[in-house]
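Chemist: Chains E and W, in that order, are what the protein sequence lines are.
Taking the numbering used here, I'd label the letters of the first sequence as residues 1 to 484.
Taking the numbering used here, I'd label the letters of the second sequence as residues 485 to 580.
Please keep in mind that the hints were generated in silico from the structure rather than gathered at the bench.
Just so it is clear, CB atoms sit at the ideal spot from N, CA and C, and this is done for glycine as well.
Keep in mind that a hint or two might mislead.
[Stated by the list, open to error] Covered stretches of chain W (chain E as the covering partner; in silico rule of three or more C-beta atoms under 8 angstroms from a C-beta of chain E): (1) 512-521; (2) 551-564.
[Unchecked claim] Examples of chain W residues lying across from chain E (beta carbon under 8 angstroms, computed): (3) Leu490; (4) Val528; (5) Leu534; (6) Leu540; (7) Gly542; (8) Gly571.
Chain residues, written in single-letter form:
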Amino acid sequence: MLHTLSIGELGRELTSGRTSSVELTRHFLGRIERLNPALNALITLTAELALAQAEAADARRAAGESGPLLGIPLIHKDIFCTDGVRTSCGSRMLDNFVAPYDATVVARLKAAGAVMLAKANMDEFAMGSSNETSYYGPVRNPWDTTKVPGGSSGGSAAATAARLTPFATGTDTGGSIRQPAALTGVTGVKPTYGRVSRYGLVAFASSLDQAGVFARSAADAAIVLEAMAGFDPRDSTSIDAPVPNYPAALGAPLKGLKIGLLREFFDGLEARNTALIHDALKVYRDLGAETVDVSLPHLPLSVPTYYVVAPAECSSNLSRFDGVRFGYRCENPTDLLDLYKRSRGEGFGAEVKRRIMTGTYVLSAGYFDAYYLKAQKVRRLITDDFRAAFEKVDLVIGPTTPTPAFSIGAKIDDPVTMYLNDIYTIGANLAGLPGISMPCGFIDELPMGLQLIGPHFSEIKLLNAADGFQRATDWHHRSPRGYE
Amino acid sequence: MSLTRLDVEKIAHLARLSITDEEMPVYVTSLSSIVDFVDELSRVQTGAVLPMAHPLDGQHQRLRADAVTEIDAHEKYQANAPAVQAGLYVVPRVIE
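With the rest of the complex left out, here is chain E (with noise of 0.2 angstroms):
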């Protein structure tokens, strides 16, 4: 079935002309189809462009060209612009938004031959852990449709569980790939901060977003993360270094890895949680990797720090949105005034007014000591104990979330419960620290993940010892009833 291989098996598929991308496209869009309306996982879908995209690419490798993405379907979060494409962020204030160029993103993997087929579903404008905060209506769990997918990147987690796609683009300030890669079982890459250019993406926090990739194992998304990744003069924040050829690096043995058992992580960890981590933990020794006990202990103010700091960059951000220039104006508005506080309080949600409100409050005179700058200075703090870690070991080891996919409506009437759901992973985008989550069991009947977190810059590392343990574990292959 073309929906259950791998992207090199299907790159073999194109190469050898067992198939073609338009009839690999018309697969998938045939699943959308039929798979889609449970899930909610898209806002739009681009069936006539993924087509045109899809011959595109059947004529370049009639022509010659090849490349590991030529042909190959994908979906992409809708916070990132789509030339001629409408990019709403997953809120009523861009409903109407039809993006006049393409992210730097988005025209890598156009470039690479890749075929659009939908814009995913997503927190309003990536503010969420569970994508319930969606204009478009909640995303559904395929695993379990009475329950969240996680977020921000909730439809393209859904989209690449259910099979829907080989590969969805994602986005990370607080851990919304990672987040909702463990409660879908699928595997999700968020890169060090400055790998991935961020133009083109709708900025919710400058200094913590970052672009990264879902994908069924990190086999696959190395493949992908070669392409996205790369220096970009329109991304002041891009860092300036070669990009490796990520896929070429995996399958170097794990012998002698340092793994940190990081002790704040395993604090208060329900036990059936902590067993799947230690059941990870003995496929790595079997590998031949050590483990390190180490200690971050500023790391348990994270939480509250993002809360300060994410939501102060939020309110700078979210200010372009005014009504004057693009996006939601209200009607007939009386005065300027009344332009800018309508066309925002009707074109933004609860929780986006809640971030907008608290950030203004942080940087108010009276309050930007106490709140910003100190929580600048833990900041500092955190990514001093991670770096005083990562003397001692390679890569530091730990679940991805506290519990299984929760019930929808469960947790969106208190922000903070809500919050707490990103305790392990907003360390990371704190420090621009690289992530990955992969499948390592279940609870309940649902998955969950595990993480790795490295030093910036090792991807390598983290690919390659994700790829490891998926080399000798079968988790990731593991598909919901229904969606097989």
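Following the hints, put chain W in place on chain E, whose structure we already have.
Modeler: Relative to chain E, chain W alone:
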């Protein structure tokens, strides 16, 4: 250290957000709980630690030559505007 309704009204004004009377109590409660949650940071000893604005040390703002590289494509960009006239964005009168 909870917020009052007046606090939230001031913040909403600064953020240029309209909040209805029905919505106000929910925002007062949730914003207060968020502020209480992040107040934990005030108890952390940070001493002489330098604030960290972004995660990669040594990054600085790149500069480029002062040369024109963008072309005028305002019609394309203004296609998304709520109201445009003669290439200008139309808004309620600002200056009397």
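Chemist: Quick check: do three or more residues in the region 512-521 of chain W have a beta carbon closer than 8 angstroms to a beta carbon of chain E?
Modeler: It holds: at least three residues are needed, and the region 512-521 of chain W offers 6 whose Cβ sits within less than 8 angstroms of chain E.
Chemist: Given Leu540 of chain W as an interface hint, is the shortest Cβ-Cβ distance to chain E below 8 angstroms?
Modeler: Since the shortest Cβ distance to chain E is 6 angstroms, the answer is holds.
Chemist: Against chain E, run the beta carbon of Leu490 of chain W and see if the smallest gap drops under 8 angstroms.
Modeler: Check failed: Cβ of Leu490 of chain W comes no nearer than 13 angstroms to chain E, outside 8 angstroms.
Chemist: Under 8 angstroms between beta-carbons, do enough residues of the region 551-564 of chain W, three at least, approach chain E for the coverage claim to hold?
Modeler: holds (count 6)
Chemist: Checking hints one by one. Is Leu534 of chain W an interface residue toward chain E, by the C-beta closer than 8 angstroms rule?
Modeler: Holds, because the Cβ-Cβ distance from Leu534 of chain W to chain E comes to roughly 6 angstroms (cut-off 8 angstroms).
Chemist: With a cut-off of 8 angstroms, does the beta carbon of Gly542 of chain W approach a beta carbon of chain E closely enough for the hint to hold?
Modeler: Violated - the Cβ of Gly542 of chain W stays beyond 8 angstroms from chain E, reaching only about 10 angstroms at its closest.
Chemist: Is the interface hint for Val528 of chain W satisfied, with its Cβ closer than 8 angstroms to some Cβ of chain E?
Modeler: Check passed: Cβ of Val528 of chain W comes within 6 angstroms of chain E, closer than 8 angstroms.
Chemist: Min Cβ distance, Gly571 of chain W to chain E: is it shorter than 8 angstroms?
Modeler: 12 angstroms, violated
Checked against the numbered hints listed earlier, the structure breaks hints 3, 7 and 8; every other hint is satisfied.
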